[in-house]
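Mind docking chains U, W and D on chain F? Use the hints.
Number of protein chains: 4
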Amino acid sequence: MKKPLRGIIPPLVTPLIDNDTLDIDGLERLIEHTIAGGVSGLFILGTTGEFASLSYKVRNELIRRTCRIVDGRIPVLAGISDSAFTESLNLARTASESGADAVVLTPPYYFAAGQPELLEYLKRIMTGMPLPLFIYNMPAHTKVVFEPETVKAAASIPGIIGMKDSSSNLAYFKQVQYALRDRSDFSFLVGPEEFLSEFVLTGGHGGVNGGANMFPKLYVNLYTASVNRDFETISVLQQKVMQISSTIYKVGHYGSSYLKGVKCTLSILGICSDFMAEPFHRFREAERNKMVQLLEELNYRELL
Amino acid sequence: MKKPLRGIIPPLVTPLIDNDTLDIDGLERLIEHTIAGGVSGLFILGTTGEFASLSYKVRNELIRRTCRIVDGRIPVLAGISDSAFTESLNLARTASESGADAVVLTPPYYFAAGQPELLEYLKRIMTGMPLPLFIYNMPAHTKVVFEPETVKAAASIPGIIGMKDSSSNLAYFKQVQYALRDRSDFSFLVGPEEFLSEFVLTGGHGGVNGGANMFPKLYVNLYTASVNRDFETISVLQQKVMQISSTIYKVGHYGSSYLKGVKCTLSILGICSDFMAEPFHRFREAERNKMVQLLEELNYRELL
Amino acid sequence: MKKPLRGIIPPLVTPLIDNDTLDIDGLERLIEHTIAGGVSGLFILGTTGEFASLSYKVRNELIRRTCRIVDGRIPVLAGISDSAFTESLNLARTASESGADAVVLTPPYYFAAGQPELLEYLKRIMTGMPLPLFIYNMPAHTKVVFEPETVKAAASIPGIIGMKDSSSNLAYFKQVQYALRDRSDFSFLVGPEEFLSEFVLTGGHGGVNGGANMFPKLYVNLYTASVNRDFETISVLQQKVMQISSTIYKVGHYGSSYLKGVKCTLSILGICSDFMAEPFHRFREAERNKMVQLLEELNYRELL
Amino acid sequence: MKKPLRGIIPPLVTPLIDNDTLDIDGLERLIEHTIAGGVSGLFILGTTGEFASLSYKVRNELIRRTCRIVDGRIPVLAGISDSAFTESLNLARTASESGADAVVLTPPYYFAAGQPELLEYLKRIMTGMPLPLFIYNMPAHTKVVFEPETVKAAASIPGIIGMKDSSSNLAYFKQVQYALRDRSDFSFLVGPEEFLSEFVLTGGHGGVNGGANMFPKLYVNLYTASVNRDFETISVLQQKVMQISSTIYKVGHYGSSYLKGVKCTLSILGICSDFMAEPFHRFREAERNKMVQLLEELNYRELL
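Protein chains in written order, with numbering that gives the first Met the number 0: chain F, 0 to 303; chain U, 0 to 303; chain W, 0 to 303; chain D, 0 to 303.
Some clues are possibly wrong.
What the hints assert, rightly or not - Ranges of calculated distance between the beta carbons of each label pair, as one might list FRET restraints:
| id | chain 1 | residue 1 | chain 2 | residue 2 | range |
| --- | --- | --- | --- | --- | --- |
| 1 | W | R180 | U | V291 | 18 to 26 Å |
| 2 | D | E284 | W | E31 | 56 to 64 Å |
| 3 | W | Q238 | U | H252 | 16 to 24 Å |
| 4 | U | E231 | D | N288 | 56 to 64 Å |
| 5 | W | T20 | D | N288 | 52 to 60 Å |
| 6 | W | N288 | F | D24 | 53 to 61 Å |
| 7 | U | T20 | F | K2 | 52 to 60 Å |
In case anyone wonders, no lab produced these hints; they're calculated from the structure. These figures come from a predicted structure and were not determined experimentally. Just so you know, even glycine gets a beta-carbon here, dropped at the ideal spot from N, CA and C.
Same shape as in the complex, but just chain F (with noise of 0.2 Å):
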C-alpha cells in the first residue's frame, strides 16, 4: 500500500440478507461494481458498513470474504472498531490473517474517554497490532473527537499511518493536517463527500464516500479533477454529488436516512439487498417509488 493512501476508498455497505447472514452475491457484484469504477481501496465495516450492528461472525466472515474476492487487487481497510479492546485486536487478527492491508479504528464508543486515555489506549493496542492503522474520527457516533494535539501523539505510535475525518468540520481536519505538516507520508482522507473536492484541490489524499458505492465513476472522476485541478468538470460533478446529498439521502428520517438511500439506491440498481442490520429497517414501497424518481431525476445511467 503506497504511503500516503491517495484517491477514493468506498467506506462499502455490508450486503445482508437477514440480519446475521451476508449477500453474498452481492457482496461480490458490489466489490466488482467499485473495483470497474476505479476506487483505491476498499473500507469494510465501516459506519457506512453498518459495522456496529453486525455479529461478530458475520464481521469475520465479511473480513475474510472481501479480501478473498479483491485477491490483492487493491487495498483493503477493515475496520475493528469495538466498545471492546479485545474484540477490536480479535478482529485485526482476521483482517491480518485474511490479507488485509491495514486497519481503520475509532475511540471505544460507549464510555467517553478523555484525551490522555485515548492516546494512552492507541499506544496500547499498537502494541498487538498485526496491520498499520488508521484512525477514525466520527464525534457524532462516538462522541469523542480526536483532538489535534491527540493526533500528533498518535502519528509517532508505529503503525499509526493516517486518519479518516467524518466530522464534516474542516476546519478541525485542517487543523490536525497543520500538526502533521512534517509527516508527508502520513494519510488524511475525509468522509463527507460534499467537500472531497475542496479537501483534495489544498493537499487532502482522497475520500472514503458512502455515495462511491452506488457510483464510483463519479467520485473517481471527481477526485481526479480535483487533483488536476480542473475546475469545469469539478463544478459539474460536485453538482451530482450535491444533488445526491440533497435527494438520495434525504428520503428516510433520523440519522440513518443517509444508509437506507444508499443501500435502497444499490438494490435498484441489481447490485446488492437493501436488507439493513437492526436496529434499521430497509425503505418501504414509498419510499422506494420515491428513490425510482430521484434516481430518474440525477439521471442516474450516466454515472455508471
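Just chains U, W and D now, kept in the frame of chain F:
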C-alpha cells in the same frame, strides 16, 4: 423474581486480573460481600460493570460464574446491551442457560436510532428473548433517551417488566412512572444513588447504585429507611452517600472517575482487584493514597 | 425576606398585549391570583417569564409594576439575566429602586464561560449589586452548568443567598446542597415541579414551578404536604401535577410547548392574554380546543 | 453594496477601555488598519465583536461611530443579533440611520426555536427591517442550526440577501449553497478562516475571518489567490493562517481563547486595547509574553 423488583440491586463491577481475564476469587468475594449486605439482586454487565469494554468471552464467563456463585439466593440481572442485535440475543441465551432471572438492555449505542426505530427494535428483539427484560435508559453513553411514550408502548410488549433509569433526570423518570401509573407490576429502578431516598419515598422500587458494591449495607439501610419513611435515619445515611459521591467519585478525571473510585475502594477493602478494562486504568499510587485518606474521613469501617 | 426562602415562588409568565406591550390588567390579575393561592414570593423575568425575548423597556416596566402591585405583601425576585454584564446591573438597579427583594441571575448565555471565568464574573458583578442574588442554573438554555465547587465558592461571595436549579438533574442538585451543608441560610429552590415533593421531603426549601401560575394552590398544598410529610396528600396532589406535566405541557411542539401550555391555560382561565413574545406564538384554535378538553379532564375547577 | 458581497469582511473586535466604554481611538486605528489592508467590508457586533456582552449604549455608539469613520468607503454590516426581537429592530434602526449597508442576525439564542418557528421569526422581523439582512449561522453559541430548507425558504423573503456560516461544517454549507444554486445574487460568506481558500476555490464569495483584524492583507491575499486559483500562493499563505490558528488562538483556555488571542495581538501591534467585556478578561503577563514570542515565530511584521 417478585414483581415489581424492590430494593438495592448493585450494578456489580467486573473484577479483572487483566484486560481479558476475570478475577474469579474477587468476583466470589464481591458477590458474598453484597449478598451479606442484604441486597435484593445483582445486576452484572452494566455500565459500572464495564460491559462495553469486555470481550464476549469474558462477558459470557461472567454471566455463568455469577449465576453459579449466587445459586438462586437472589435474582441475577444480566446486561445484554450491545450495538449488535445478534450479540445481545447471544448474551441473553447464555443468561437464560445459566439461570439468570432477567436481562437488561440499553438502546444500540453507536448509531443513534429514532424513537419509532427504537420501539420497533424492542419489539423484534423480544420475539427471541428467553428472559424477562428491563429497559436501561442511559443517555449520557447511548445518546438516546427512551421517551415516556416509547416506554409506555414498550411496557406492553410481553416480557418487558421494568426499567432502570440512569439519566439523573428525575423529572423525566416521574413522567415515565406517570405514563405507566396503571402498571403496578412494572419495576422502576433508579441509577444515581444521590436521590435514591427521594425516589423510593414517593413510590420508586429501588436503586441500582454503584456505591452498593462497596457498602451494600449503607444503601440497603437507606432504602429501608426510605420505605419506612424514617426521616431521621434517612438524613444520617444520605449524608454518608453524599460524602461518597462528593469525595470517592471525584478523585479521578473525566467520566470514568466514578468507576475508578469504586474499583480502587474495593481493592483497598481487599475485595477484588482494581484492574480496569481498556481504555481506562486504575489509580496510581498518589490517587490511591488520597482514596485511603478519603475512606478514613468517611469512617468507612462503620459502613461495612 | 426570610433566609432561607421557603415555599412556592411562581416564575411568573409575562402577560403581553403585543410583542412590546405589557398586559397590565392581566399582570394584576395574575399577581392577585397567585398571592391568593398562598405563594411565598414571585419570580419575574425568568425563563417562564420569557425574559430573554423582552425589550429592556418592557423588562424595566414589568419590574416596576410588579413591585407596585405586590406592594410588599410577599418578596419579589427579579430576573436580571443577560448576556451583557452592564444590562444585568441596570436591571438590578431598577429592581432595587422599585423595591424588589432580590435578583436572580443565570450565566451569560451567548458565549459560554469556563468555571473560573464564571466565578470571577460573579465576584465582579456582586461588587456593584444593590440586592441579594440567587444563582440560576439553567443549562438547557445557557449551555453552562454551575459546577458544585463553583457554587460553593460563589456562596461565600457577600450577597449571594441562594440558588434556583432548573437542570432537572437531582443528583447534581443534591451534590450542590451537600457542598453547602454548613450553610443553613442558603436557599435551595427547584424548578421542575415533577419532583418538587421529593426535593422538599429531604430538606429542599421550595419550588419555582411554572404550573403555580395557573394553579398556585395545588403547588402550595403539595409543598405544605411535603413539609408535613403527609404522604397521602402528596400522592393525590402529585398525580395532578404529573397530569399537568404530561398533558398541558405537551400539546405544542419544540421546547416552547410548556410555555405555550401555561399561557394558553391562563387565557382560558380569564387571567391574562396568551400572547407570546417572538419568536414564539400562541396556540391556534385547534390546539386551544385541545387545551380546553385537557383542562376538563383535569377537573381544573377543583384546583382553583 | 454589490450582490453578492465578495472578499474579506473582518468581524471587527470591539475596542474597549472598560466594560462599558469604547476605545474610540483604537476603533479608528482598527478601521483604518483593516481598510488599508484591502478588506471588502466590515462586520461589527459579531461574535468576535463580543456583541452579546455589550450594553445597548455601547452597541448603538459602536454602530454610529463605525459608520462615521468608514464614511462610505466600504460597506458596513452591523450585527443586530439579540434574544429580544424588539432590541434587534432597535439596533437595525440605528444601523439604518447611521448609514450602515446591511445587518446580520443569528437566531434568538436563549430559548431555542424549532425550524418553523425560526422561519416565521425571520418573516416577521423582516416586515420592519430597514436594511438588507444576512443570516448568521452560529450553532455553537445559539444551539440552533438554520437547516438548508429553512435557509432556502428564508432566501425568498424580501431583504434577506446572504448568509454567514460559522458552523465549521462545510458539508452543511455546501448543502445550503446547493439548495440556493439558482440564486446568483445571494452571498455566501464563511467564518472559519482555516478553510477560506477551499470555500472560495469552489464558488464561495468570501470570508468573515477574525484573523483579518490583525493581518487583513494576509486574508485578502489568500482570498485573491483563491479567486485566481494561484495554488502556489495559496499554499504559502494558508500555512500562515494555520500557524495563527494553531498558536495565537490556543494560548488561553475555554472557548474564549481565540478572542483573547486576537485582542492581545491587536494590543501588541499598538492598534487597540485588549480589554475584554465581561465575563472574559485579557491575558495576564505570562500569556502576553507567550503571545509576543508566538508572533515573532510567525514573522508577523511581514504580514502587516
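Tested hints:
no.	hint	verdict
1	W/R180 <-> U/V291: 18 to 26 Å	holds (24 Å)
2	D/E284 <-> W/E31: 56 to 64 Å	holds (58 Å)
3	W/Q238 <-> U/H252: 16 to 24 Å	violated (43 Å)
4	U/E231 <-> D/N288: 56 to 64 Å	holds (59 Å)
5	W/T20 <-> D/N288: 52 to 60 Å	holds (54 Å)
6	W/N288 <-> F/D24: 53 to 61 Å	holds (57 Å)
7	U/T20 <-> F/K2: 52 to 60 Å	violated (37 Å)
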